[in-house]
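Starting from the given sequences, assemble the full structure and let the hints guide the process.
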Amino acid sequence: MSEHTTLTWEDVAHRYGRKIYTFAYRLTGNPDDAADLVQEVLLRVRKGLASYTPGSFEGWLWRITRNAFLDGIRKKKRRPTVPLPEGDFSALGASPSPDEVLASVRLSDDVQAALVKLPYDFREAVVMCDVVGLTYEEIAEATDVPIGTVRSRIHRGRSMLRDLLTWPV
Amino acid sequence: MARMNTYQAQLSILLSCYLDGVLTDEELNEVVHVLDNDLEAIAEFHKLKEARRAVRLMPMLEIPSHLLPRTHLDEELSAFLDGELSTQETPIVSAHLESCGECRMVLADLDRSRIAIRALPGVESPVFLDVHRETTTATRRRIPAVVALATGVAAVVIAFTVGPFASGGEQPTISIADLNARHAAVASVPAAVQISNTAP
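So the protein lines, in turn, are chains A and B.
Residue numbers 1 to 169, in the working numbering, belong to the letters of the first sequence in order.
Residue numbers 1 to 200, in the working numbering, belong to the letters of the second sequence in order.
The reader is advised that the hints may include incorrect statements.
Stated by the list, open to error - DSBU-like cross-link-like pairs, simulated, lysine-lysine; straight-line CA separation at most 30 Å: (1) A:Lys76 x A:Lys117; (2) A:Lys75 x B:Lys47; (3) A:Lys75 x A:Lys47; (4) A:Lys76 x A:Lys47; (5) A:Lys75 x A:Lys117; (6) B:Lys47 x A:Lys117.
These are computed hints drawn from the structure, not numbers from a lab.
No experiment lies behind these values; they were computed from the predicted model shown.
Written as structure tokens, this is what we have:
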């Protein structure tokens with residue numbers, strides 16, 4: 001998109017800041033990590049815009065965002081985005097009455113809690129697709145994997161979510 | 001989760017892709033055929049659809065405003081004029097003013113109105129409003145709030161009405177360096193001294 005060739009980093013911040021923040025928050029469930037990521041991404045955008053060559057701006061931006069996110073994880077080695085062992089989903093939805101389940105299961109807190117239990121690759125694909133709204137092609141470009149892998153990751157992420165959340169009958 | 005065979009796993013991926021509208025024509029035909037005939041596939045499809053919907057219904061979050069770059073200064077400008085910025089804020093505001101003509105214009109306007117108000121003469125209160133007139137010197141100097149407010153408003157109106165004509169419509173010029181110096185000076189003057197400057 002040619003309009004992106006004239007964007008300043010401030011434009012990017014105002015246009016995409018909210019999405020980047022939401023992306024990071026949905027991946028981590030942690031507002032501090034999300035804020036750190038936004039600052040890091042905007043810094044990288046500021047440095048990178050000068051050398052940005054017209055192409056898929058979304059792909060470029062989300063690749064930067066993803067790399068910043070992964071670098072942050074590697075550096076900080078913070079708390080827990082470690083997935084549960086396969087098949088052990090007892091920490092979620094372990095409760096109770098059908099009424100309670102009906103009332104709460106779809107609350108975003110529950111979905112958020114389920115999201116952070118997904119293995120990173122699946123979580124990332126689902127968040128990019130269903131939260132950020134990227135196409136499969138854009139996700140493939142941002143994550144540097146073939147589209148077939150994107151399809152598989154999104155599906156597997158959704159399948160795991162489906163099992164983590166208790167759906168009303 | 002029961003283990004799926006290869007066909008089922010492949011079909012399950014297609015069902016997910018079907019939700020996102022990314023199937024080829026051939027894949028689409030296969031999915032439509034399966035959904036017409038296979039109850040298990042239909043159940044699987046609805047579960048995937050619910051999972052997808054749940055994530056999509058999560059609200060987009062508001063980004064904390066401090067993470068976004070500031071476009072223009074606001075209340076910091078008055079605080080800058082009054083020497084009320086913190087030592088951390090002052091260089092940031094100063095740097096922004098160096099590069100932002102719009103904020104410099106606003107600053108100049110604020111400065112003009114601030115000067116106009118500060119230049120107002122003290123007013124002796126009418127006798128009938130000051131029951132303690134003869135009691136203390138301090139009381140004698142006090143200006144009734146209503147009179148002071150009315151006088152202040154009148155001065156601001158005059159400043160903004162006459163100002164542009166008096167200056168021939170020129171854009172205000174303001175020196176950030178001078179203001180920085182003033183900022184430092186004002187910040188170092190005790191409050192009591194500043195108040196006494198406005199006395200008659």
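Going down the list of hints, with the structure as the test:
Only pairs whose Cα atoms come within 30 Å are accepted, and Lys76 (chain A) paired with Lys117 (chain A) is accepted, the gap being roughly 19 Å. For the hint linking Lys75 (chain A) to Lys47 (chain B), the alpha-carbon distance of about 37 Å lies beyond 30 Å, and the restraint is violated. A C-alpha spacing of about 20 Å is found between Lys75 (chain A) and Lys47 (chain A), which places the hinted pair at or below 30 Å, so the restraint holds. Restraint check: the Cα-Cα separation between Lys76 (chain A) and Lys47 (chain A) comes to about 22 Å, which is no more than 30 Å; the hinted pair holds.
Only pairs whose Cα atoms come within 30 Å are accepted, and Lys75 (chain A) paired with Lys117 (chain A) is accepted, the gap being roughly 21 Å. Pair hint Lys47 (chain B) plus Lys117 (chain A) holds up; C-alpha atoms about 18 Å apart against a cutoff of 30 Å.
Checked against the numbered hints given earlier, the structure breaks only hint 2 and satisfies all the rest.
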